[in-house]
Amino acid sequence: MGVLNMKRCNRILVSTLGVAMGLAVSGGAVAAQDCTTKIGAVLPTSVDWGRPIAETAQFVVDQVNEAGGVAGCNVEMVLRDSQVDPKIGVDAAKALVDLDGVQVLLGAVSSGVSMPILTSVTVPGNVLQMSCCSSSTAFTKLAEEGKTKQLFFRTFATTGVQAAVGAKVAKDRGYKSVAILYKNDDWGQDLQNLISKDFKALGIIVTSATAINDGQPSYRAEVTSALSGNPDALYLGLYPNEGTAAVREWLSLGGTQNMIVANSLKSDEFRDNVGLQYLGKTFGTDTASPRVASADSFVAAYEAKFGSAPNGPGLANSYDATMIALLAMEAAGKDATGDQIATQVARVTDPAGTPVTADSAGFSTARDVLASGSNVMYQGATGNVRFDENGDVSAPAVVWKFVEGSVEEVEYMSLTDVDDFIASLK
Amino acid sequence: MIQHLLDGILVGAVLSLGAAGLTMVMHMLRFANFSHAELLSIGAYSALVFDALFKGILPVLAAQIGLLSMTGTLALSMVFSMVTTGISAVIFDKLIFRRVREKGEELSMVFASFGLALIIRNAISLIFGLQTKLYSQDIVFATVLSREPLVLVKPDQLATLGITLAIILLLHFILSRTTFGYALRAVAENQSLAQVNGINLQRMIVVVWMLGGGLAALAGVFYGLNNQITPVIGRDLVLPIFAATIVGGIGSIYGALLGGFVVGIAANLAVMVLPSGYSPSIPFLIIIAVLLIRPNGMFGMERT
Amino acid sequence: MIGIVSYLVFLATVASILAIAVLGLNLQWGNTGLFNGGVAAFFGAGAYGTLILGGGPQDGQLGGFGLFYPLALLGGMATAGLLAWGVGILTLRLRHDYLAISTFGIAVAFENLMRNAQWLGGGAQGLHGFERPLHAALGDGFLYNILFLLCVLVILVLTYRFLETLVASPFGRQLRAIREDETAARSLGKVPTRIRLTAFVTGCVILGLAGGLYGTFYAFVSPQDILPTLTFQIWAMLIVGGAGNNKGAVLGAFLIWGAWTASGWALSRFAPIEAQLYTGSIQYILIGLVIVGMLLWRPQGLLPERLVVSQTGHTKT
Chain V
-12 MGVLNMKRCN RILVSTLGVA MGLAVSGGAV AAQDCTTKIG AVLPTSVDWG
38 RPIAETAQFV VDQVNEAGGV AGCNVEMVLR DSQVDPKIGV DAAKALVDLD
88 GVQVLLGAVS SGVSMPILTS VTVPGNVLQM SCCSSSTAFT KLAEEGKTKQ
138 LFFRTFATTG VQAAVGAKVA KDRGYKSVAI LYKNDDWGQD LQNLISKDFK
188 ALGIIVTSAT AINDGQPSYR AEVTSALSGN PDALYLGLYP NEGTAAVREW
238 LSLGGTQNMI VANSLKSDEF RDNVGLQYLG KTFGTDTASP RVASADSFVA
288 AYEAKFGSAP NGPGLANSYD ATMIALLAME AAGKDATGDQ IATQVARVTD
338 PAGTPVTADS AGFSTARDVL ASGSNVMYQG ATGNVRFDEN GDVSAPAVVW
388 KFVEGSVEEV EYMSLTDVDD FIASLK
Chain H
127 MIQHLLDGIL VGAVLSLGAA GLTMVMHMLR FANFSHAELL SIGAYSALVF
177 DALFKGILPV LAAQIGLLSM TGTLALSMVF SMVTTGISAV IFDKLIFRRV
227 REKGEELSMV FASFGLALII RNAISLIFGL QTKLYSQDIV FATVLSREPL
277 VLVKPDQLAT LGITLAIILL LHFILSRTTF GYALRAVAEN QSLAQVNGIN
327 LQRMIVVVWM LGGGLAALAG VFYGLNNQIT PVIGRDLVLP IFAATIVGGI
377 GSIYGALLGG FVVGIAANLA VMVLPSGYSP SIPFLIIIAV LLIRPNGMFG
427 MERT
Chain Z
2 MIGIVSYLVF LATVASILAI AVLGLNLQWG NTGLFNGGVA AFFGAGAYGT
52 LILGGGPQDG QLGGFGLFYP LALLGGMATA GLLAWGVGIL TLRLRHDYLA
102 ISTFGIAVAF ENLMRNAQWL GGGAQGLHGF ERPLHAALGD GFLYNILFLL
152 CVLVILVLTY RFLETLVASP FGRQLRAIRE DETAARSLGK VPTRIRLTAF
202 VTGCVILGLA GGLYGTFYAF VSPQDILPTL TFQIWAMLIV GGAGNNKGAV
252 LGAFLIWGAW TASGWALSRF APIEAQLYTG SIQYILIGLV IVGMLLWRPQ
302 GLLPERLVVS QTGHTKT
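Chains as they are written, first to last, in the numbering used here: chain V, -12 to 413; chain H, 127 to 430; chain Z, 2 to 318.
One chain only, chain V, in its complex shape (with noise of 0.2 Å):
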């Protein structure tokens, strides 16, 4: 009984507080819009990479709305936790389309909850769907068979460019033999199978594939495995969480210190939790940020606000997600719907568009020349990012090591050689 009574007041406490915050937040608003376009979110807040994920798409959103929001209106992105749980994905996703009349949806996160909203949800809707992460390689025949209606879009480039990638790194290095260690999920799988045909393609012995579970309590089997098979180096498609306790098992089994990570694994805490000291030999791949100084305001301005830099899964797709999706919105103007905004799309990211930045300054810009008639090509986190007709993105690559602190690049792959690279491994 005590238990319901304190839920309720809980509730009250909670929606009491909220009112008092939302009062004290839009009296002091710069430039005060007096009308709201609402965007969804459903993403994993609840998992440890999924909540800064969602952070960096409600930064955009901010930075958004000091420019003085979308076709005059501020933004508000309601966010909605995915629990990882496709049914309660959905249903968020369709509260969010048909309750707060979303025509732009973020998300989601993983395949297995992005397919069915977009199946159930956004085609039905007509609503946009901007995937910061989904990697299944699912999506690219769905649209394939013209089922997206070309209404989904994901900034998270194919993982046949990451794989790829991977494979040279090896070459480059000189590699004989490499065993693979993978998150046994849509991504991971895609990956594993993917780079172990380039490796054959290049003449490397994969030694060994093991899938990494979720949730186990030791990874020491799969490590004691891919050890047995005493290759030059390790490939490692996890998460931060898996991918510090399989290297630092790795490591303390005596493992090669010879390593290539996955962009993934692009994360302070993978970095922190390791010890530099042992990942002087680890090389990482990841698409290229543009070589502009915008993108260094980028990080600088993610730095600012959040005190780390921008490294961690996903955080940068999300941020470009979000981005394009409110540039599109910003194109497409005032009360347009989900598909209207889907068309302008290729307007935001037109490669013979005006370049702006990935910041307040930069939407403002964009706002204008939108204004104007012109198309704009947006200079991204990830790099200028450009779709496919089926929503995908290809993107130039970088190599990179861990230093101090942060990581640098090593190596830059435009995307005629990233393609190149590809083609010859057929």
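Hints listed in this document are in silico derivations from the structure and should not be mistaken for laboratory results.
None of these values were measured; they are calculated from a predicted model.
Restricting the straight-line Cα-Cα distance to at most 30 Å, the calculated cross-link-like pairs of lysine-lysine (DSS-like) are:
#1 H:Lys259 to V:Lys292
#2 V:Lys388 to H:Lys259
#3 H:Lys229 to Z:Lys248
#4 V:Lys268 to H:Lys259
#5 V:Lys158 to V:Lys413
Chains H and Z: place on chain V using the hints.
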């Protein structure tokens, strides 16, 4: 192969400690407590807090003990953590399990334990954040016991095994040789009859929870030492610990010890046979296999 | 206004599909006393079975039978039933908390299988490309969702009626008999193992039906849909609604699903901005509190079992 066997025993030691606590609680209180593994989380995080505290107050103890990555402060924190975890377990019992025991039946308690596990896990993640934490950033390298075949052990894991064996022996001694131990077992067999003989039931229950909580805290700290500390330690360990308890037989401390080893070894050997993607299923396949042959576990007794 | 109705239709559809699953579980636990910890496996077998049988061709994996939808759904139910029969033979003789763990293990193994066997169910990517029945004719919108809801409601009512009849029938009395006093039942010539197996398989077939409808509704299924959390959710619905009571089962489904979604919505709407990132954890704590609170207050559920006494005993004065 030998490496896998050895790994299994070393990894299994943590499971054995957790299972020892769980088996006592399950035997005494007659319900499957799915929140027991969360006590490991509480133990690991309490030790983290105490460790930080002691490092500040007594920096002289912050040196590592011999080859281990365990520091003096951590060892001290472990003891404090055992106490606080035991007390938490008693509080949870008073607040929730006792009342459900009076009103409902076994399934209600199982379910209440699920609900409690959810609350504890998410409260920990709200307080400490979701990031991975470690007692010590240093990576301790394994010692090579033999080169051909390659056999490696980490000193931390040997220490864990050693302490686990010592504790289990101590526990078994207490339960089988002391009056206090007899009293505990009497209450587990038949509560009313034990009370008729003058045993204070409430006090025994408190003691069992303290013991269970203490063992769980120990297991949690060892787990954190050998792996890492996250809010989901409980979620990840609950099923292997249950497997160890059931395989060993509910109510048997030696069963819990052996059960932990069996589960650990099976999990490690399985990787040689099945693709590692199937690793989470292994504890269950063992349970089913053991139960089909011995329906009460290896050393379990038929429950009245 | 139409937005709210559209959302409620969606919500009701999911709640009804889950209610069918809870009815299946009620037959097993509420009526027969079988602690089925592997709900997700049978639900998943139904979903995957239906989608594999009824879906389009998939490269590199099993599929492409393109069966007529009702057949595909029945196929999914049969898959669940077959799995249940195998599991039942192995495990039903165990005592009930061991049965729970064993069946839970089956569910974990099933999820692992679907996650790793890419040739079978697409692995972690899941099974996509399923065309909902009559999709070509009726399109995707509000009309389709309403019709789908009506179909699901009809199936729910039929399942309910079927189970009520079953429980009131001699078979139902047998179930209660072996649940309450197995020795007495055996002395009257009943064979408990066979009765239990029948109840278990029937309940799992109903779980498979719910799974098939679930896969159809989302036109997609992946290993993420059959994680242990699903088992926990279905059980919570039964516990809160009232085990042993079919009305309670349905009520529990609607209540818990409604509460789960409403709490997410309320937290996102009313919680202060700073707390938005933590709403996920807060929601889990609230759910845990509701479960514990419910068990402290009314462990038999909101609508407890109504026992029918067929003959009252007479005491001689």
